[in-house]
Amino acid sequence: MTLAVLNIDWQTLADALALGGIYALMAVGIGLVFGVLRLVNFAYGQLIMAGAYALAFASQWDLPRWVGILFCFGVVLALSVAMDLLVFRPLRTQSPAVMLVATFAIAFLLQSIALLAFGPLGKIASSLAPLNRPVTISGVDIRKIAIVSIVVAVVCLLLLQLLLTRTAVGLQMRAASLDFGTARLLGVRANRVIGGAVLVSGVLAAVVAVMLTVQNPLVTPDFALRDTIVVLAGVVLGGLNRPIPATLGGFSIGFASGLLGGALPTNQSQYLPTFLFAAVILVLLVRPNGLFTRRQQAERV
Amino acid sequence: MSTLAVDKLEVRHGAVRAVRGLSFEVAPREIVGLIGPNGAGKSSTLHAIMGAAPVVGGDVTLGGRSLLGRRTEDIARAGVALVPEGRRIFAELTVEENLRLGLAGRRGGDGDGFARVYELFPIVHEFRRRSAGALSGGQQQQLAIARALVAEPDVLLLDEPSLGLAPRIVDVVFDALAAIRESGLAVLLVEQRAQRTVALADRTYVIANGELRLTLGPDDAGDTDRLVAAYLA
Numbered sequence: 041m042t043l044a045v046l047n048i049d050w051q052t053l054a055d056a057l058a059l060g061g062i063y064a065l066m067a068v069g070i071g072l073v074f075g076v077l078r079l080v081n082f083a084y085g086q087l088i089m090a091g092a093y094a095l096a097f098a099s100q101w102d103l104p105r106w107v108g109i110l111f112c113f114g115v116v117l118a119l120s121v122a123m124d125l126l127v128f129r130p131l132r133t134q135s136p137a138v139m140l141v142a143t144f145a146i147a148f149l150l151q152s153i154a155l156l157a158f159g160p161l162g163k164i165a166s167s168l169a170p171l172n173r174p175v176t177i178s179g180v181d182i183r184k185i186a187i188v189s190i191v192v193a194v195v196c197l198l199l200l201q202l203l204l205t206r207t208a209v210g211l212q213m214r215a216a217s218l219d220f221g222t223a224r225l226l227g228v229r230a231n232r233v234i235g236g237a238v239l240v241s242g243v244l245a246a247v248v249a250v251m252l253t254v255q256n257p258l259v260t261p262d263f264a265l266r267d268t269i270v271v272l273a274g275v276v277l278g279g280l281n282r283p284i285p286a287t288l289g290g291f292s293i294g295f296a297s298g299l300l301g302g303a304l305p306t307n308q309s310q311y312l313p314t315f316l317f318a319a320v321i322l323v324l325l326v327r328p329n330g331l332f333t334r335r336q337q338a339e340r341v
Numbered sequence: 046m047s048t049l050a051v052d053k054l055e056v057r058h059g060a061v062r063a064v065r066g067l068s069f070e071v072a073p074r075e076i077v078g079l080i081g082p083n084g085a086g087k088s089s090t091l092h093a094i095m096g097a098a099p100v101v102g103g104d105v106t107l108g109g110r111s112l113l114g115r116r117t118e119d120i121a122r123a124g125v126a127l128v129p130e131g132r133r134i135f136a137e138l139t140v141e142e143n144l145r146l147g148l149a150g151r152r153g154g155d156g157d158g159f160a161r162v163y164e165l166f167p168i169v170h171e172f173r174r175r176s177a178g179a180l181s182g183g184q185q186q187q188l189a190i191a192r193a194l195v196a197e198p199d200v201l202l203l204d205e206p207s208l209g210l211a212p213r214i215v216d217v218v219f220d221a222l223a224a225i226r227e228s229g230l231a232v233l234l235v236e237q238r239a240q241r242t243v244a245l246a247d248r249t250y251v252i253a254n255g256e257l258r259l260t261l262g263p264d265d266a267g268d269t270d271r272l273v274a275a276y277l278a
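Each protein sequence line maps, in turn, to chains C and Y.
When we follow this note's numbering, the leftmost residue of the first sequence carries the number 41, and every step to the right adds one.
When we follow this note's numbering, the leftmost residue of the second sequence carries the number 46, and every step to the right adds one.
To be clear, the hints were calculated from the coordinates, so they are not data collected in a lab.
The structure presented is a predicted model; accordingly, all values stated were derived computationally and were not measured.
Backbone N, C-alpha and C fix where the C-beta goes; we use that ideal spot for every residue, glycine too.
There's no promise every hint is true.
Computed footprint of chain Y on chain C, listed as stretches where at least three residues anywhere in the stretch have a Cβ under 8 Å from a Cβ of chain Y [claimed, not checked]:
#	stretch
1	201-213
2	224-237
Beta-carbon label-pair distances, calculated as ranges [stated by the list, open to error]:
#	chain 1	residue 1	chain 2	residue 2	range
3	Y	163	C	326	42 to 48 Å
4	C	149	Y	66	46 to 52 Å
5	Y	82	C	133	31 to 37 Å
6	Y	101	C	206	40 to 46 Å
7	Y	179	C	203	24 to 30 Å
8	C	326	Y	102	51 to 57 Å
9	Y	178	C	137	27 to 33 Å
10	Y	113	C	107	47 to 53 Å
11	C	133	Y	74	34 to 40 Å
12	Y	220	C	194	49 to 55 Å
13	C	118	Y	82	54 to 60 Å
14	Y	220	C	137	45 to 51 Å
15	C	239	Y	181	35 to 41 Å
Counterexamples of contact, computed for chain Y against chain C with all Cβ distances above 12 Å [stated by the list, open to error]:
#	residue
16	48
17	57
18	92
19	108
20	125
21	133
22	163
23	208
24	214
25	224
26	248
27	254
28	257
Next comes chain C alone, as it looks inside the complex (with noise of 0.2 Å):
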């Protein structure tokens, strides 16, 4: 077996930024809670199977598409808050290996439900799919549903930043992910910080789900379940302490795996994972803390 030759066209580099950003929003979701928890949430991609299932009820009832949007985004908010109080709060003051084993469970849990209430063979959510042909600029077919990713992606990268940067609770969880204790010792609520943090990463999930559901509109229990382990390779690739980094991380493993999915032949494809997690063990060998963060920062965490 020989490697494809790369023959990358434009639709394929428009696809791979898509799934970059899509992927970047996975890993700041996902970053945004481990800052202030310390905690790496497995269930991430149950949120957004969760919010890829109500996508697929609201389909198979003829709701409006944006009834069906903001009922994806209802589900996956009121299920990251439940998660925050049932799990999150009372397990806090546990050691971080007790919440990781519980996320796990969680992460389980709602997909033993999904296959149990929903069966194994899926639902298909097709009141997205128009946003999957394509249009043609100057000549060049490009699948709506990847313009739209780039630009949502860089819109809620944009705004998280204004989030962390210009209000007064995004000082506060940048603080908490930083020295928790003198953010404590400040006056700065824990339980705000925390939930502002969980409650963020929900809508970041609910977006990702509306995403993936459009790229792939057969929803099953594992749905996202790839993604998200794909998506923690690239976040631990990028350096999991700090959001920027990890940002990258998220969207240099999600334009990889775009661009070498586009890239590979049908019948290759298949190994794609493999290659991905292979190049992650690499880098992580020669960079242990990460591709993105400066020595001198890694050193001091």
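Fit chain Y to the supplied structure of chain C, relying on the hints for placement.
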């Protein structure tokens, strides 16, 4: 403005009794010093006041209301601000962002912003756009005190603010504390520099092994070192 009262405080870290039946009060417009050797229980007392040390007996009250059992952030929001040992400023954030974090503990509206602390510490104003990590140790200490004052607390606690500072900067810090007292705050100052603390404070308590050993007034400053040494021998 309210009085901070520590009443028969007992703090225990596992089997170690860090504070044993310590009682004192800090009233508005007053500086109370707390000196003693390493491990005497000074920091444990401060942490107990902030709800961050295991209190097994006694009480801590602010204006007559107990602070025990409340969360650290709620104690901060009730009007007690701690300038922690080692300053603990956010080096990755700007000076101004550090000050904005101090607003988290402020009760009521936004007040007059940072004008008062800028007046007290001109250097903090001058460097407000810089990264806090780029400041010198003395400047960081001024920032840490300014950040605590932004919350407009009733009580200011300081844990060894002069540690590692050049003598000239220690003067700046101690002058600032005198000015802070004039503005009506109750100040509790934990220090290693015994003589300077006794000279500045209205009362200074010498503690060792978690117990009160000696109370000194400003007039004792001349002979402090010998006095303290005698009691701690």
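Comparing the hints with the structure gives:
1. 201-213: Contact hint for the stretch 201-213 of chain C vs chain Y: holds, 3 residues under 8 Å.
2. 224-237: Holds, because 7 residues of the stretch 224-237 of chain C bring their Cβ atoms closer than 8 Å to Cβ atoms of chain Y.
3. Y:163 / C:326: 42 to 48 Å: For residue 326 (chain C) against residue 163 (chain Y), whose Cβ atoms are near 47 Å apart, the range 42 to 48 Å holds.
4. C:149 / Y:66: 46 to 52 Å: holds (51 Å)
5. Y:82 / C:133: 31 to 37 Å: Given range 31 to 37 Å: holds, Cβ gap about 33 Å.
6. Y:101 / C:206: 40 to 46 Å: With Cβ atoms ~44 Å apart, the hint holds.
7. Y:179 / C:203: 24 to 30 Å: holds (25 Å)
8. C:326 / Y:102: 51 to 57 Å: At roughly 56 Å between Cβ atoms, residue 102 (chain Y) and residue 326 (chain C) fall inside 51 to 57 Å, so the hint holds.
9. Y:178 / C:137: 27 to 33 Å: holds (31 Å)
10. Y:113 / C:107: 47 to 53 Å: holds (51 Å)
11. C:133 / Y:74: 34 to 40 Å: holds (39 Å)
12. Y:220 / C:194: 49 to 55 Å: holds (51 Å)
13. C:118 / Y:82: 54 to 60 Å: Roughly 56 Å apart at Cβ, these two residues keep to the hinted range, so it holds.
14. Y:220 / C:137: 45 to 51 Å: holds (49 Å)
15. C:239 / Y:181: 35 to 41 Å: About 39 Å separates the Cβ atoms of residue 239 (chain C) and residue 181 (chain Y), which means 35 to 41 Å holds.
16. 48: Correct as stated: the minimum Cβ-Cβ distance to chain C is 20 Å, above 12 Å.
17. 57: Non-interface label stands for residue 57 (chain Y): nearest chain C Cβ at 19 Å, farther than 12 Å.
18. 92: violated (10 Å)
19. 108: holds (17 Å)
20. 125: violated (10 Å)
21. 133: Violated, since 4 Å does not exceed 12 Å.
22. 163: holds (18 Å)
23. 208: holds (17 Å)
24. 214: Non-interface label stands for residue 214 (chain Y): nearest chain C Cβ at 22 Å, farther than 12 Å.
25. 224: holds (22 Å)
26. 248: holds (25 Å)
27. 254: Nearest chain C Cβ is 27 Å from residue 254 (chain Y), so the label holds.
28. 257: Label holds. Min Cβ-Cβ 26 Å, cutoff 12 Å.
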